[in-house]
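J.: Residue numbers (this note's numbering), protein chains in the order written: chain Z, 1 to 274; chain W, 1 to 280.
Because the hints were derived from the structure by calculation, they are not lab data.
Heads up, a few of these hints could be off.
Some chain Z residues well away from chain W (every beta-carbon gap over 12 Å; in silico) [what the hints assert, rightly or not]:
1) F6
2) D96
3) L101
4) G109
5) I120
6) I132
7) V137
8) N151
9) V152
10) L157
11) W214
12) P216
13) L254
14) S259
15) N262
To be clear about the criterion: a stretch of chain W counts as covered by chain Z if any three or more of its residues have a C-beta under 8 Å from a C-beta of chain Z, and this derived list gives those stretches [claimed, not checked]:
16) 40-49
17) 171-182
18) 186-193
19) 196-204
From a predicted model like this one, the values you see are computed outputs, not experimental measurements.
Glycine residues also receive a C-beta, built at the ideal position from the N, C-alpha and C atoms.
Here is what each chain is made of, one letter per residue.
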Amino acid sequence: MRPNPFKKYLGFVKGSFLDVLAFRVEILAWVLQGVLSVVILVFLWFAIYQQSGGTSINSFTYPEMISYLIMASLTNQWVSNGDTFSGVSRDITRGDIATSLTRPLSYRGRYYAASFGSLIANFVLFFLPLYIISQFVFVYSLGLAWPLWYNVLFYLLAGLLGMTITDSFDFIIAQLGFKTNSLFGIFLMKLALFSFLSGAAIPFSFFPSWAQPWLPYLPFSGLSSTPINLFLGRYSLIEALRSLAVSAGWALVLYLLSSLTNSLMIKHVESVGG
Amino acid sequence: MRYLKLYPKYLKMALKTKLMYRADSFIGLLGLVFSNAATFLTLYLATLPVQSLGNWQFLNIMFLYGFLLLPMGLDHALTDRLWNYAGSLINEGELDRILMKPLNPLFQMCAELFQEGGVGEMLLGVLFMCVSGPFLHLDMSFNVVFPIVIGALFSPLIYFSIKLFMMSIAFYNGRSLALMSGVYNMKEFGKYPVSIYHNGTVVGGIIYNLLLFVLPFGLVGYLPLSAQMFPGERIPLLWFSIPANNYLIMGLIIGVAILQTAIAYLFFLHSLKRYSSAGA
Numbered sequence: 001m002r003p004n005p006f007k008k009y010l011g012f013v014k015g016s017f018l019d020v021l022a023f024r025v026e027i028l029a030w031v032l033q034g035v036l037s038v039v040i041l042v043f044l045w046f047a048i049y050q051q052s053g054g055t056s057i058n059s060f061t062y063p064e065m066i067s068y069l070i071m072a073s074l075t076n077q078w079v080s081n082g083d084t085f086s087g088v089s090r091d092i093t094r095g096d097i098a099t100s101l102t103r104p105l106s107y108r109g110r111y112y113a114a115s116f117g118s119l120i121a122n123f124v125l126f127f128l129p130l131y132i133i134s135q136f137v138f139v140y141s142l143g144l145a146w147p148l149w150y151n152v153l154f155y156l157l158a159g160l161l162g163m164t165i166t167d168s169f170d171f172i173i174a175q176l177g178f179k180t181n182s183l184f185g186i187f188l189m190k191l192a193l194f195s196f197l198s199g200a201a202i203p204f205s206f207f208p209s210w211a212q213p214w215l216p217y218l219p220f221s222g223l224s225s226t227p228i229n230l231f232l233g234r235y236s237l238i239e240a241l242r243s244l245a246v247s248a249g250w251a252l253v254l255y256l257l258s259s260l261t262n263s264l265m266i267k268h269v270e271s272v273g274g
Numbered sequence: 001m002r003y004l005k006l007y008p009k010y011l012k013m014a015l016k017t018k019l020m021y022r023a024d025s026f027i028g029l030l031g032l033v034f035s036n037a038a039t040f041l042t043l044y045l046a047t048l049p050v051q052s053l054g055n056w057q058f059l060n061i062m063f064l065y066g067f068l069l070l071p072m073g074l075d076h077a078l079t080d081r082l083w084n085y086a087g088s089l090i091n092e093g094e095l096d097r098i099l100m101k102p103l104n105p106l107f108q109m110c111a112e113l114f115q116e117g118g119v120g121e122m123l124l125g126v127l128f129m130c131v132s133g134p135f136l137h138l139d140m141s142f143n144v145v146f147p148i149v150i151g152a153l154f155s156p157l158i159y160f161s162i163k164l165f166m167m168s169i170a171f172y173n174g175r176s177l178a179l180m181s182g183v184y185n186m187k188e189f190g191k192y193p194v195s196i197y198h199n200g201t202v203v204g205g206i207i208y209n210l211l212l213f214v215l216p217f218g219l220v221g222y223l224p225l226s227a228q229m230f231p232g233e234r235i236p237l238l239w240f241s242i243p244a245n246n247y248l249i250m251g252l253i254i255g256v257a258i259l260q261t262a263i264a265y266l267f268f269l270h271s272l273k274r275y276s277s278a279g280a
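Turn these sequences into a full structure, and let the hints steer you where they fit.
T.: Pasting the structure below:
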């Protein structure tokens, strides 16, 4: 019987799942921070809509805007919450990477498996309960409709692709640790760039008109804009399929790129004799 | 006074470790500039369709944002080492090294690191103020500018004391990074004119006053600048309101800053007694 090649990665899925469970107090504090930032946004946008007089700004009504931003914060909770960036940079600065390489599995694959584990844990522990509460708020307090089942499916699929994109990015960027000691600066830049260009901070329709046509085709849109717009049913079927295809394409390209840089990096480790 | 002589020596040491890797310092400087630029651009795109929040035009908001970056950046530059202590340094037994020396432990903890990103923030702040300032009709008379400057000199203490208080919790359980980050990041509330929270609702009223007295991030920028930009308008405070007088606001800032720093420092000293070595 052939052994299952994925079985060895299962341990990492389980391990990072349990990690999230173990640090739930810590993570609860991060979640609270997310909730607080939503409170700021609710007030800020309330003031903006009050000022505008009209009901809709750039094709968003106030309830739609709030639901968009809450979904952005919740999506972030399970899509972009892996440990790959800090894990890889820790391995590099502490030199643990050498021992990691002696194991009979792919270093890149191992981190992807771990991210998948924390995705499941974050989804079940934090996303689901917060989402259920938010959904009731959307329907009973903001007067929005319940989501359609196929939009929910699209959302989950897009989120999974988004996780692959962000995880591959994190993996690639963390390898800059070989070149610089200032990974914290790079981490901040990454965070700022991702939250701005993914549509997590503000929907694409608020961007200048010259930027709007190409923003959905950048890889960042897969992290927030695509899943959220799919969930809220703002896309037609054609647009939905097209945006999912864009996300899938980027996920594939970036994953392959991260594997490629990984094999180049391993050569680098050998050359410094780690 | 011994500390005034020692600080330049610590600073020199901290800068030397930074300058070993010049490119790294530059990246560190850019990191905080990037995150502020992203927050600011978001704010710009959000207010673009309506041009203003209440009285505050976009340029007023830009000036406020730039003004806030000065005390925030100064605090970042000088005391950011506290983040590392809240994160893992206490668990790793680093504090033993500090406690061995016959110097104030807090002084040593802060002086160890110079966060160059804070300088980047201050530069960005000056840039924002220079770009927006000329378009605003700012009252530049001595009796307005002087109290604003004096108040601004005390405001880094507000950021510092909140960090110090939250970091001290790590003496109890070894780690307080998440909590510290959660409370400290309430500073984001202060980047908008806090009048938007004072919208007549109960929750809004509570947030507004919390931002002026408990986590006084609104006190630092919003109060003095709103008195400068909109003289003659009364500013609501708790259940009453005060006239837009910059000396009054300066007094409020100094009072709150000193009180908070005193509380945070006493809590730091108290918690330090609870510290037991990692047992190395």
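J.: Indicate, hint by hint, whether the structure satisfies it.
T.: Do the hints match the structure? See the list:
The beta carbon of F6 (chain Z) sits about 33 Å from the closest Cβ of chain W, which is more than 12 Å, so the claim that it is off the interface holds. With a minimum CB-CB distance of about 16 Å to chain W, D96 (chain Z) clears the 12 Å threshold, and the non-interface call stands. The claim that L101 (chain Z) is not at the interface with chain W holds, since no C-beta of that chain comes within 12 Å of its own (minimum 25 Å). Every Cβ of chain W is farther than 12 Å from the Cβ of G109 (chain Z); the closest lies at roughly 28 Å, confirming the non-interface assignment.
Distance check on I120 (chain Z): its Cβ is at least 21 Å (rounded) from any Cβ of chain W, clearing the 12 Å threshold; non-interface status holds. Its beta-carbon lying about 22 Å from the closest one in chain W, I132 (chain Z) satisfies the requirement of being farther than 12 Å from that chain. No Cβ of chain W approaches the Cβ of V137 (chain Z) within 12 Å, the least distance being about 14 Å, so the stated non-interface status holds. With a minimum CB-CB distance of about 26 Å to chain W, N151 (chain Z) clears the 12 Å threshold, and the non-interface call stands.
The Cβ of V152 (chain Z) sits about 28 Å from the closest Cβ of chain W, beyond the 12 Å cut-off, so the non-interface label holds. Separation of L157 (chain Z) from chain W is adequate, the least Cβ-Cβ distance of about 27 Å exceeding the 12 Å criterion. With a least CB separation of 16 Å from chain W, W214 (chain Z) remains clear of the 12 Å interface cut-off, as annotated. Once the 12 Å rule is applied to beta carbons, P216 (chain Z) is consistent with being away from chain W; the minimum gap is 16 Å.
With a least beta-carbon separation of about 21 Å from chain W, L254 (chain Z) lies farther than 12 Å from that chain, consistent with its non-interface assignment. Its beta-carbon lying about 26 Å from the closest one in chain W, S259 (chain Z) satisfies the requirement of being farther than 12 Å from that chain. Chain W leaves N262 (chain Z) outside its interface by the beta-carbon criterion, the shortest separation being 22 Å against a cut-off of 12 Å. Only residues whose C-beta sits within less than 8 Å of a C-beta in chain Z count toward coverage, and the stretch 40-49 of chain W has 7 of them, enough to reach three; the restraint holds.
Check result for the stretch 171-182 of chain W against chain Z: holds, 6 residues qualifying (beta carbon to beta carbon below 8 Å, three or more required). Beta-carbon proximity to chain Z at under 8 Å applies to 4 residues in the stretch 186-193 of chain W; the threshold of 3 is reached and the given coverage holds. Look at the stretch 196-204 of chain W against chain Z: 4 of its residues bring a Cβ nearer than 8 Å to a Cβ of that chain, three or more, so the hint holds.
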